[in-house]
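Work the whole structure out from these sequences, hints included.
2 protein chains.
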Amino acid sequence: SPEWSVESGHHLTCTYTFKNFKQALAFTNAIGEVAEHENHHPEITLTWGLVTARIWTHKIDGLTESDFILAAKISALEKPTS
Amino acid sequence: SPEWSVESGHHLTCTYTFKNFKQALAFTNAIGEVAEHENHHPEITLTWGLVTARIWTHKIDGLTESDFILAAKISALEKPTS
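Top line first, the protein sequences correspond to chains X and V.
Residue numbers for the first sequence follow our numbering, so the first one is 39 and each next one is one higher.
Residue numbers for the second sequence follow our numbering, so the first one is 39 and each next one is one higher.
Keep in mind that the hints were calculated from the coordinates and are not lab data.
A few of these clues could be false.
Derived lysine-lysine pairs resembling DSSO-like cross-links, with alpha carbons at most 27 Å apart [what the hints assert, rightly or not]:
1. X:Lys97 to V:Lys111
2. X:Lys111 to V:Lys60
3. V:Lys57 to X:Lys57
4. V:Lys57 to X:Lys111
5. V:Lys111 to X:Lys57
6. V:Lys57 to V:Lys111
7. V:Lys111 to V:Lys60
Stretch by stretch, here's where chain X covers chain V in the computed footprint (C-beta under 8 Å, at least three residues) [as the list claims (entries may be wrong)]:
8. 61 to 69
9. 73 to 79
10. 83 to 93
Note that the Cβ used here is the ideal one computed from N, Cα and C, for glycine as well.
Set out below in structure tokens:
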């Protein structure tokens with residue numbers, strides 16, 4: 039599984055690769071389900087074969103514990119294979 | 039419906055607003071369906087209440103007719119209301 043990194047001391051980011059658009063969209067939906075459950079929402083950039091998630095806490099415009107929890111839960115997702 | 043604009047003479051972009059994350063994700067899926075049908079895929083940035091689509095043709099790193107067709111089909115989508 040790809041690693042999260044802290045960018046500009048401001049947000050967590052991680053990029054996942056997939057073999058097509060469909061898988062990337064399915065993974066976006068899986069992230070969306072986690073986000074709704076956590077009531078904490080990343081920014082997701084989706085394109086053919088690629089999903090990049092960025093997580094931060096808007097209220098403080100920086101990182102809080104909630105961000106690391108959301109990142110860990112996204113990391114625990116299975117990547118789509120079909 | 040929001041308008042598409044040409045950015046840097048390179049890609050089309052349009053931003054849609056929604057009242058929550060769920061609607062933004064639903065619209066992302068609707069765009070995904072159009073993209074798969076057209077076999078032409080935008081870059082979609084999704085966050086709480088917001089979807090930004092960017093469209094260009096990777097092969098020429100610029101705009102072709104396919105980009106305008108995809109933009110028109112996305113414009114024709116209904117925004118989710120629930």
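(request) Provide an ascending list of the numbers of those earlier hints which the structure does not satisfy. (result) 1, 3
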